[in-house]
Amino acid sequence: MYLYNLTLHQATGIICAINGNFSGGKTQEIVVARGKVLDLLRPDDNGKIQTLLSVDIFGAIRSISQFRLTGAQKDYIVVGSDSGRIVILEYNKEKNVFDKIHQETFGKSGCRRIVPGQYIAVDPKGRAVMIGACEKQKLVYVLNRDTAARLTISSPLEAHKSHTITYNICGVDCGFDNPVFAAIELDYSEADQDSTGLAAAEAQKVLTFYELDLGLNHVSRKWSEQVDNGANMLVNVPGGGDGPSGVLVCAENFVIYKNQGHPDVRAVIPRRGDLPAERGVLVVSAAMHKQKSMFFFLLQTEYGDIFKVTLDHDNDRVKELKIKYFDTIPVTSSLCVLKSGFLFAASEFGNHALYQFQAIGDEPDVESSSATLMETEDGYQPVFFQPRKLKNLVRIDQVESLMPIMDMKVANLFDEETPQLFSLCGRGPRSSLRILRPGLAISEMAVSQLPGVPSAVWTVKKNVNDEFDAYIVVSFANATLVLSIGETVEEVSDSGFLDTTPSLSVSLIGDDSLMQVHPSGIRHIREDGRVNEWRTPGKRTIVKVGSNRLQVVIALSGGELIYFEVDMTGQLMEVEKHEMSGDVACLDIAPVPEGRQRSRFLAVGSYDNCIRILSLDPDDCMQVLSLQSVSSPPESLLFLEVQASVGGEDGADHPASLFLNAGLQNGVLFRTVVDMVTGQLSDARSRFLGLRAPKLFSVVVRGRRAMLCLSSRPWLGYIHQGHFLLTPLSYEALEYAASFSSDQCAEGVVSVAGDALRVFTIERLGETFNETAIPLRYTPRKFVLQPKRKLLVIIESDQGAFTAEEREASKKECFEDAGMGENGKVENMENGGDDEDKEDPFSDEQYGYPKAESEKWVSCIRVLDPRSANTTCLLELQDNEAAFSICMVNFHDKEYGTLLAVGTAKGLQFWPKRSITAGYIHIYRFVEEGRSLELLHKTQVDGVPLALCQFQGRLLAGIGSVLRLYDLGKRRLLRKCENKMFPNSINSIHTYRDRIYVGDIQESFHYCKYRRDENQLYIFADDSVPRWLTASYHIDFDTMAGADKFGNIYFVRLPQDVSDEIEEDPTGGKIKWEQGKLNGAPNKVEEIVQFHVGDVVTCLQKASLIPSGGECLIYGTVMGSLGALLAFTSRDEVDFFSHLEMHMRQEHPPLCGRDHMAYRSAYFPVKDVIDGDLCEQFPTLPMDLQRKIADELDRTPGEILKKLEEVHFLAYVNCGISLQLELRGDASLRLLMARMSHLLLTRLGWGCI
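Going by UniProt numbering, the letters in the sequence shown line up with residues 1 to 1249, in that order.
Derived by calculation from the structure, the hints in this document are not laboratory data.
Just so you know, not all the hints are guaranteed correct.
Subject to a maximum C-alpha distance of 27 Å in a straight line, what follows is the list of computed BS3-like cross-link-like pairs (lysine-lysine) [stated by the list, open to error]: (1) Lys26 x Lys74; (2) Lys48 x Lys108; (3) Lys322 x Lys391; (4) Lys26 x Lys93; (5) Lys788 x Lys409; (6) Lys125 x Lys48.
Restraint ranges, calculated between C-beta atoms of paired labels, are given here [claimed, not checked]: (7) Lys100 x Pro1165: 43 to 53 Å; (8) Glu845 x Val447: 23 to 33 Å; (9) Lys894 x Lys1045: 34 to 44 Å; (10) His262 x Pro364: 22 to 32 Å; (11) Ile165 x Lys913: 21 to 31 Å; (12) Arg221 x Arg317: 51 to 61 Å; (13) Leu935 x Glu808: 20 to 30 Å.
Where is the CB? At the ideal position from N, CA and C, for every residue including glycine.
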């Protein structure tokens, strides 16, 4: 059994981010690390963040930094990863790729404590880089240029110190003196040898400066001095004439300026007035803004408050350090201040944001200064402030992030064509339920009702050089409506168009003329208002039209084609006539190549299931060049030029291929390549789009032609990062569409559906899903579906927070107090906002919840209607209880129907050791037609019930290491039987028939059986490999899928002979008395699948993304990515993709130096899984490398691309065989089903594009 792993939705969380000028010129870009993915982002002119490049490095990115060589025009990227190598990358704008400039090996692979890669610091002048480990090792590389001005890197210089923990490193700005690096270190050598723990308690952190002597090519410890034990971050201060040099040491509650030979300058970090006294304030991210005459720092604390730090200095002497409250935004992992006036905030959890500076915090506000620092008996006197609404920043864009995905379900609760994916995301007040639908997001600009039901719509410019469209032309059954586009859209009557007849086509012809084709003729409207009319001969009518800017072909009833061209004077001249053998179904003319007078190719679709390519050259005009037979009569044709797969930022510098696209009446989109010289058709592909025949239209996306396909749902075919993608749009079915451009909407689409005219734009190109977010109150833990009423029941809980009532009281008190000053007295809001802020409550999402003691929990149970996004019931749990498990259960007693079981813990603490006051199982019944909950009773248990599951009319509960079976009583649950033989703590339970599959938090799966006659639960099989389970799912009778906290997905299966033996033992006596193996169960399950995802998987779901489609295993991760494991249906596919994967490993090694096989086998050897993400990189290879791999596989590059697109399509819509059938079943049955599936796909034309 082989699986194909494919990422459906890339990780959205950001570990770290840097900004710089990576493409040259004056453009500012952002590079972000998303675990194993490196992205290049750029804010566009409208302040929207666009992804220019996204690369999977097949490794774990630990740190990134940027540097620029002296006098250079662009920045380089240095990456620290788990490869044991330092890698320097350069962005190649022409090819739109990251080029690997240098790769130097220094240690073992993997994230190890003594192997460098965790920290990277660069010399501000770009002369050296230090890469450090968490412990002991630091290496320095000298950066230089060779005679050809190419970047060179030296051999590593060691700066190791044993028994030393490193907390942070940074480069010190010393101008052009020898490069210096600063590090916060802690020596634990004495603590290691002291068993009393006294030395560990007295261990002291130090700030150490390392100097690189460029003359001697040697690194030495230049200076070391004790520093506050709460120090956690270093920020370099400008030097070399721009500032005093040195570093800012960010410690708990303080910011300290330190430099060699300079006294410490310390200032206290202002703290919120409602923050408990025992809680400190730590800086988690920092950014510096530097101009010629000034510089300042932005430091963000763990509560989201940003402070502006300035230094009052005289040359290299710092006289005062000031910390002023700036603004409050959600907590970030990185801050980037761009020279273009933007602040990019990479959030720890939830959506990332792009802010614009309105001010730089020069106005008076709460401020702390080293000059006013006061020391008391209890320490330094704190400075208090009150958060306010944004004053210096304004958010202009946000990037959606699913990080972290806590739970996920796939269901069709909206009765749509495709199911929806419901995921619980976020943490605390930034939590949300995200509803994901396959397809691109649409932003609707305008909807207008029309006087009738339109049949078509077009937009036209008055001149070829115009930037925006001039008219919207709408055709009805017996009339044509012309609307002018300006500040408003109004009907006009002097456009020259004939409004008493329906139109078949409206377009710009020549440079400045308009053309209207109607059933009775062609109307040519010149720029000066003159109108030329061409009438059809006799009683014949025009039925189809194809045109470009210089050519027109019309088809008359009966099958006659008439060809027109625009001559040098702008007149429309008849050139040729041609009789077809039957009526014409559709027409299209290829676009005119740049520098040519005409296009050579005309495509004609006929009702005899054929598409013909005719020549329009004067030498062989109307001669058939090629013929293509299709499975159904064509409804629509469209020529589309597609750039080569490897292209620049826009792919414009590379030759294009001409594709002919045909929408067939059976709902299939047929696509084939047209030879630019001979007109021959080749490499045909097809995809089923819907039940309606696709209508094809040309639109503009990112300045280039794209294809809009209107079937039972709209689809968009477009170029993204060098790839041609065909993606559904999340929008209702449309009848007709055209490209739309105005000063308010540069790239839009105007369409008609029913009696409405709609204008919309397409957002976030390249994304697989679009999402709708419903905010939640606390961190979501789990949820269940109530399928009959199509509702969701969600449990949420948070540690160290106040209840809703306490928060409201505290917020009210804040409004009354208005703010606190340095002396702690109540002041007016001149330092914290205005009257509008006082009336408008603070956004919890923006400012976070007030902090409480760590042993305090808040939790709630929510019943949510996803269709209306309304919460129909919200129960806050009282008495310090927190909910951790939930399930729907039907007991034997049918009195209450379906009930809800919720497992809670009271007073749960994790430190210094895990303890609880009590555990409970709540039983609720649904009232008000399932929209509300009523508590029946709650039962106290002796542990945390982390897992609940229905089983044969009873409730199974995993309480600590005990599996217990309960029945429903009048006042509490009744304990029926239990098994205490589980090793640690049960965190998942699945059932099927009389089998129970139990997941242990450290020891993988245990297979159990319940004997009703003996009322006993016993374990008959377990896993021989320890696994720290984070997610599990039942696949079939003998098979379970699981994921562990190290980022692995695996399948285990009970051997067939053992399974048969268990089922043939009716009493269970044989197994019960059999001796266990390896201190466990008598039988062991076998691992049949193993794959390292590289991210912690939190949820697994077997589902189909289309109704009645085959199933795949979908998973969600902590970093917010979604992936799928698809079962192969034939051995030929397995052989092909395994060989392709092997060649890709050899010919296209990962970008950051990690060995691909080693990465996918990071903890256990990869087994029976093909890495689809690696195979998907085949189209990005240079053409000569594609041909080389294709020759090795005895294929052509086109055939490989076709196979990749087929499996890609199957992974997204799952038009394959059920995963359950593939995993377990008779071999002959599987073969039969595979043949039936192949026949079905062939008959329907369900190949792929």
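Hints, verified against the model:
1. Of the pairs offered as hints, the one joining Lys26 and Lys74 holds, with about 9 Å between alpha carbons and a cut-off of 27 Å not exceeded.
2. At most 27 Å may separate the alpha-carbon atoms for a hinted pair to count; Lys48 and Lys108 exceed this at roughly 41 Å.
3. Distance restraint check for Lys322 and Lys391: the Cα-Cα separation of roughly 19 Å lies within the 27 Å cut-off, and the hinted pair is therefore satisfied.
4. Restraint check for Lys26 and Lys93: the C-alpha separation of about 14 Å stays at or below 27 Å, so the hint holds.
5. Taken as a hint, the Lys788 and Lys409 pair is honoured in the structure, with Cα atoms around 16 Å apart against an allowance of 27 Å.
6. Proximity of Lys125 to Lys48 is assessed by CA-CA distance (about 31 Å); at most 27 Å being required, the pair is judged violated.
7. Taking the beta carbon of each, Lys100 and Pro1165 are about 27 Å apart, not inside 43 to 53 Å as hinted.
8. In this structure the supplied range 23 to 33 Å holds for Glu845 paired with Val447, their Cβ-Cβ distance being about 30 Å.
9. The hinted range of 34 to 44 Å is satisfied by Lys894 and Lys1045, whose Cβ atoms lie roughly 41 Å apart.
10. Restraint check, His262 to Pro364: a C-beta distance of roughly 29 Å satisfies the suggested window 22 to 32 Å.
11. Restraint check, Ile165 to Lys913: a C-beta distance of roughly 24 Å satisfies the suggested window 21 to 31 Å.
12. Our hint of 51 to 61 Å for Arg221 and Arg317 is violated, since their Cβ atoms are close to 25 Å apart.
13. Between Leu935 and Glu808 the CB atoms are about 24 Å apart, so this pair conforms to the stated range of 20 to 30 Å.
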